[in-house]
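Chains as they are written, first to last, in this note's numbering: chain A, 1 to 136; chain B, 137 to 325.
No lab work stands behind these hints, which were simulated from the structure alone.
The structure presented is a predicted model; accordingly, all values stated were derived computationally and were not measured.
You may find that some hints are simply not true.
PhoX-like cross-link-like pairs, simulated, lysine-lysine; straight-line CA separation at most 25 Å [to be verified]:
(1) B/K197 <-> A/K76
(2) B/K321 <-> A/K35
(3) B/K166 <-> A/K76
Now the stretches of chain B that chain A is said to cover, found in silico as 3 or more residues with beta-carbon under 8 Å [to be verified]:
(4) 249-261
(5) 281-290
Even glycine gets a Cβ: it sits at the ideal position worked out from N, Cα and C.
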Amino acid sequence: MRSFLIFLVGLIFGFAFVKGEIISWFRMVEMFQLKSFHMYGVIGTGVVVGLIAMQIIKRFNVKTIDGEPITYEKKKFTKGTIIGGFIFGLGWCITGACPGPIFIQVGAGLIPVAVTLLFALFGTWVYGATREKLPH
Amino acid sequence: MSILQGPWHWSIVGIIIGLTVPALLIIDNKRFGISLTLRHLCAMCVPMKIKFFDYDWKPYKWLLLFVVGTMVGGFIGNQIFPNPNDIIVAEDTKSFLAQYGINDYSGLVPSEIFSVDKILSLSGLIFLAIGGFLVGFGTRYADGCTSGHSIFGLATLQRTSLIATISFMAGGFFCTHLILPYLLKVIMP
């Protein structure tokens, strides 16, 4: 049941990404050139809706469907937040995709993006292998 | 024009993305963040005794299921109900791209760059291999991507995620204005 719901949320998410053209390389160029409001509208609305939902969860003490309190871990700040973030930004501009859209593009039938995915895995692997030598 | 064909207004898509955050928490306390999938896949397939990949990935199977869901959603959206029209892109961006011979707006990505016969060319090396590597390396180094930091992190008011998001955007602006024109020139036919 839970697995099915998670799959379903993913399915709706992936479908919406195609219909909103969030997986479009053109839309990323537009965004970074400040020529269109589209992507800012998507991300901004997403943040505001998420923010309101989280406030509702907090105020009304909303529980999970199993009745457990809702908890999550906070992320720690390191030098990597900035350096890694900037490096990701470069890749985001070149591929026109963040990790979510890379998977969705492959699912959508954009075959060349399978190469992007393989190299994204390789990049993650290289980070894991060289982690101790990188500034954090 | 059918609703299933799209395109959808940004506010609709934004609402769906925003609701993913509470949906995953309410279903089973799951934290939204897609780039971790790449780490789990490395841990599953090629851990090679690296400490960073030496952990039990089985509790994270849900994320793989979620990602498979997004891929199926992508397939349905683009293959079963494709948008029959050209994608609408800002005129300024179009004239910028036209300088480099990019004029095909029939798909979500330009066929002049993202095509199977370009995989083994300089274009494939830059836009698929190097770009993909930077995404995978950078997101893990930053401990998250657009979903984990820019959506989940900002929605839960985390300062680290705000700094991460500013860094993502800085990299994107820097690249689009100072590197991308050069890359497009290099691969121009």
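Results for each hint:
no., hint, in the structure
1, B/K197 <-> A/K76, "holds (24 Å)"
2, B/K321 <-> A/K35, "holds (21 Å)"
3, B/K166 <-> A/K76, "holds (18 Å)"
4, 249-261, "holds (count 7)"
5, 281-290, "holds (count 10)"
Comparing the model with each earlier hint shows no violations; every hint is respected.
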